[in-house]
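J.: With the hints as extra help, turn the sequences into a complete structure.
In case you want the letters, here they are:
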Amino acid sequence: MTGSVNHPKDQPWLMRTYSGYASAKESNLLYRTNLAKGQTGLSIAFDLPTQMAYDSDDILSRGEVGKLGVPVRTIEDMETLFDQIPIEKMNTSMTINAPAAWLLALYIATARKQGADISSLRGTSQNDILKEYLSRGTYIFPPKASIRLISELIIYTVNQIPQWNPINICSYHLQEAGATPIQELAFTLANAICILDTVKESGHVGKEQFPDVVGRISFFLNAGIRFVEELCKVRVFTMMWDRICKERYGVEDPKLRRFRYGVQVNSLGLTAQQPENNIARIIYEFLGVVLSKSARARSVQLPAWNEALGLPRKWDQQWSLRLQQIMAFETDLLEYEDIFKGSEVIAKKEKELEEGAEAEMDKIQEMGGVIPALESGYMKQQLVESSTERVRQIESGERVSVGVNKFVEGEPSPLTSGGVEGAIQTVDDSVETEQIEILESFRHRRDNDKVAFALDHLKESVNTGKNIVEISIECANAGVTTGEWGCAMRELFGEYRAPTGVGMIAGSKSQTAEAQKVNERVKRLSKMLGRNLKILLGKPGLDGHSNGAEQIAVKARDVGMEVVYEGIRLTPRQIAESAMQEGVHVVGLSILSGSHTNLIPEVMRKMEERGIGNIPVILGGIIPQNDIPGMYSAGIKKVYTPRDFDLNKIMMEVTDVVAEANNIKM
Amino acid sequence: MSSGFGDVLRGEKRAIAGTLNLLEEGGSSCFQRNKELIDKLSRNARSGRHVVGITGPPGVGKSTLVSRLVREYRSRGKTVGVIAVDASSKRSGGALLGDRARIAHDPDDEGLFIRSMATGSHMGGLAWRTRHCLTVFEAVYDIIIIETVGVGQSETEIDQVADTVAFIAQPGSGDVLQFIKAGIMEIPHVIVVNKSDQKALAARAKSDLMVAKAYSQSVLEGWELKIVMTSALEGWGQKELVDILEGHLEFLTERSMLEKLRRQNRIEWVSALFKKRFGDFGLEVLGGEENVRSLIERSDILNPLESVDMLAEKVLRSKDLNHGQFW
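Keeping their order, the protein sequence lines are chains A and B. Per numbering that gives the first Met the number 0, the first sequence starts with residue 0, numbered consecutively. Per numbering that gives the first Met the number 0, the second sequence starts with residue 0, numbered consecutively.
The set of hints was computed from the structure by calculation and includes no laboratory data. Hints may be right or wrong, so weigh each one.
[Claimed, not checked] Capping the alpha-carbon separation at 27 Å, the derived lysine-lysine pairs in DSS-like fashion look like this:
{"hint": "1", "chain 1": "A", "residue 1": "Lys8", "chain 2": "A", "residue 2": "Lys254"}
{"hint": "2", "chain 1": "A", "residue 1": "Lys405", "chain 2": "A", "residue 2": "Lys199"}
{"hint": "3", "chain 1": "B", "residue 1": "Lys238", "chain 2": "A", "residue 2": "Lys143"}
{"hint": "4", "chain 1": "A", "residue 1": "Lys449", "chain 2": "A", "residue 2": "Lys465"}
{"hint": "5", "chain 1": "B", "residue 1": "Lys275", "chain 2": "A", "residue 2": "Lys522"}
{"hint": "6", "chain 1": "A", "residue 1": "Lys313", "chain 2": "A", "residue 2": "Lys254"}
{"hint": "7", "chain 1": "B", "residue 1": "Lys205", "chain 2": "A", "residue 2": "Lys143"}
{"hint": "8", "chain 1": "A", "residue 1": "Lys526", "chain 2": "B", "residue 2": "Lys12"}
{"hint": "9", "chain 1": "A", "residue 1": "Lys664", "chain 2": "A", "residue 2": "Lys522"}
{"hint": "10", "chain 1": "B", "residue 1": "Lys274", "chain 2": "A", "residue 2": "Lys526"}
{"hint": "11", "chain 1": "A", "residue 1": "Lys199", "chain 2": "A", "residue 2": "Lys112"}
{"hint": "12", "chain 1": "A", "residue 1": "Lys143", "chain 2": "A", "residue 2": "Lys206"}
{"hint": "13", "chain 1": "B", "residue 1": "Lys34", "chain 2": "A", "residue 2": "Lys522"}
{"hint": "14", "chain 1": "B", "residue 1": "Lys274", "chain 2": "B", "residue 2": "Lys89"}
{"hint": "15", "chain 1": "A", "residue 1": "Lys648", "chain 2": "B", "residue 2": "Lys89"}
{"hint": "16", "chain 1": "A", "residue 1": "Lys362", "chain 2": "B", "residue 2": "Lys198"}
{"hint": "17", "chain 1": "B", "residue 1": "Lys275", "chain 2": "A", "residue 2": "Lys526"}
{"hint": "18", "chain 1": "A", "residue 1": "Lys405", "chain 2": "A", "residue 2": "Lys245"}
{"hint": "19", "chain 1": "A", "residue 1": "Lys362", "chain 2": "B", "residue 2": "Lys205"}
{"hint": "20", "chain 1": "A", "residue 1": "Lys24", "chain 2": "A", "residue 2": "Lys8"}
{"hint": "21", "chain 1": "A", "residue 1": "Lys199", "chain 2": "B", "residue 2": "Lys34"}
{"hint": "22", "chain 1": "A", "residue 1": "Lys245", "chain 2": "A", "residue 2": "Lys88"}
{"hint": "23", "chain 1": "A", "residue 1": "Lys526", "chain 2": "B", "residue 2": "Lys238"}
{"hint": "24", "chain 1": "A", "residue 1": "Lys8", "chain 2": "A", "residue 2": "Lys516"}
{"hint": "25", "chain 1": "A", "residue 1": "Lys465", "chain 2": "B", "residue 2": "Lys77"}
{"hint": "26", "chain 1": "A", "residue 1": "Lys522", "chain 2": "B", "residue 2": "Lys274"}
{"hint": "27", "chain 1": "B", "residue 1": "Lys238", "chain 2": "A", "residue 2": "Lys458"}
{"hint": "28", "chain 1": "A", "residue 1": "Lys636", "chain 2": "B", "residue 2": "Lys12"}
{"hint": "29", "chain 1": "A", "residue 1": "Lys143", "chain 2": "A", "residue 2": "Lys254"}
{"hint": "30", "chain 1": "B", "residue 1": "Lys89", "chain 2": "A", "residue 2": "Lys516"}
{"hint": "31", "chain 1": "A", "residue 1": "Lys465", "chain 2": "A", "residue 2": "Lys143"}
{"hint": "32", "chain 1": "A", "residue 1": "Lys88", "chain 2": "A", "residue 2": "Lys143"}
{"hint": "33", "chain 1": "A", "residue 1": "Lys664", "chain 2": "A", "residue 2": "Lys637"}
{"hint": "34", "chain 1": "A", "residue 1": "Lys254", "chain 2": "A", "residue 2": "Lys405"}
{"hint": "35", "chain 1": "B", "residue 1": "Lys205", "chain 2": "A", "residue 2": "Lys526"}
{"hint": "36", "chain 1": "B", "residue 1": "Lys12", "chain 2": "B", "residue 2": "Lys77"}
{"hint": "37", "chain 1": "B", "residue 1": "Lys198", "chain 2": "A", "residue 2": "Lys143"}
{"hint": "38", "chain 1": "A", "residue 1": "Lys522", "chain 2": "B", "residue 2": "Lys89"}
T.: Pasting the structure below:
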């Protein structure tokens, strides 16, 4: 029996798991296993050096190779990744941004080698560099150069690979950075407008072709735990996008105005405490994006229950895939028309979100559009502010997190009874050495003259305005590496450091009793130190997820510390030098990428070398339990993991650490 | 001090940082030590130094421009020290010092040193101890760039600290009138229209700013206020800006105004120190502002801490302590 008369059962969404790690060879095995299990699309996670266009042997890659995804440095790596996987038949999503054009070039070159018909390729390049400035941090070039890269990839695929989604405009990361639903709507749509306007103005796409370009734009959303509001959010996205396409770009065909989006539900709210509860969170979040037929996600990837602990294993990913399959194939969800049609409650909420989003978009337009709003730090600041508010709500208990700030007592979990370590995937440190060997062997075998010629041609062509993807394919075939491509582009466009947004955040209006206590202690300690307590905060390594560090920075300021916020992507040497020049009393580092085992000892060594080995260092991030003793023996004074959400307590301990280091009894 | 004074003069960064730490320390126990330090530092100030103040409202790209300036000066073979000032929260006393993250710096560059400072409760756009710390930089670096808080209003202290002041504006800010009202336009020797990659707006801003020339006080000294367009983001205009900055220093030197100006700045420093310590009361005890000023002028102004110490003695020894007219 079906739920609705004459309604054939809908096709389910595309089911993906975001994966890739260690090496192209291992990732290839994983993909083949997942495909055999019924997964219908590939979603490639690249490691941070790939995302930042560095080679495995670059100093900045140290400790990051193969950690968060697969390292792809050469066309050979790409060939290995797709060994025995027919690219022509795949729908491949690539989470890649700053060097998106390069990875697409490698993909196309590999497909050609497999004998595929390029024009029939299907898949998605994330290619949304704008959101990288606001969250995640894997941008390389200044905003204008980024817009050019984005639009050239769009122009290339629209002409050559018409079924490719050339950009996946992300609100996902904005939510992780703290965005409210209204900010998500406004910032994402404003970004989309900025990109489409650029493509339109480029003159490389004919007027009659432009609606097709609009139709190729897709989105990547996040879904949080307040799933009714999230459900309304995706509905409003759908409505607003339809209107923008019609009114701003004159797209007549309703199919081309569809808000096509994929989803990864929220990882931010997943907890390290009682991690099995995360399965419930993942399912509720999932509801928000599949319940409405009129605004249903086209593809969904669910995080694994143990993401707050470390990298998920194959079994964890299988569990998340099964959740989707049960929803699609066991429940009756796909048998109905839109079940919220006519609901007054939903309509009211939709209106509220829509009006809020429009007001915010108007504000951005008044500033001259997204680029000025990015460059001035306005957008980032808004996000940091929302995030600060969220942290405050969790601290005060206004926002309940089961197992974290409420209902914390629990039975020991059999899932993690073998210790947390048994319950996550670990990447062997030998991967890095192996990858460097593979790369060196490749460099030996290739024709260096051809490489040099291709790189010269790349630089020259970019200067004369030729399409970057086109020339990058030549580079891929010639044997250019990811790092070489990145280096050439850095020379052409320069590197950029985005506003951190942190400096512009107003102090919280009210101080809780707890925070006041810490503030008084900081003042007292400052007096005893002779000058104000000064802390340096920064993120070593390539990982750009700075939300945690930003929140610590704001908090430290609010309890009276002077905070030198150094931002992201720092080398150990830079951290040591800055700590020394600034005369700080304590250094706080944040690492989420798993590269702490390499980076921390290196930071400590550099500080020693600069004669500031006596300055205490604290560490926060995703640090597996088993690694913590090693961090202490490397000299770290305190280690904080996602379990430590009480920022006042952390700040109190910072004062203890500083007092101890200065032989002060408080 | 763990490392010797010679290390400071040689530009050894660890020693410089250590000295800055000491100078930032407050309390009467530190006064004598800091006085001696400043004495030594002032007597070793580099003769060719140039103190450049960078001021302007928030969001105009001051830090990014400073980053470009640093690179330009370094490429000309000059060593550079940067003092970046940010505001402190009045209530908590905390501060976010975010400029460092935006100034590109190679940790291996021995000719560049960046220090962030918080204003504390001090008004005027600088930190209370900016001048103390400046003495270290003056003894070591060719160029010292001071980036002010950038709150716009009442940010006029930089005028008494820097040899040359650059005011940074951006196209489309449209509030030249506001700047004029706030008295900021009287100060700068050069106005920089940053973000001039927004061409139409930039041209407009430039023509608006021409109005400001009328309010410039530097005309009195014979210096014509310059206006320069830059784009810190795209990396152009900084050469011209540095040429202008150097031109101003040359101008001051040629007319023998530089030493006079710096002497005046030190007098202002002593006066500020004295007022902070003794306020109006102190001025009255010593017979009014004029009198105090002439006392300062007659003192060994090379060490402002010594001068203010001298004034303090006079106040404390005065028998007229109860005759203030404040009440």
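J.: Going through the numbered hints above, which ones does this structure break? Give me the numbers in ascending order.
T.: Numbers 2, 6, 11, 18, 20, 21, 22, 23, 24, 25, 29, 32, 34 and 35, in rising order.
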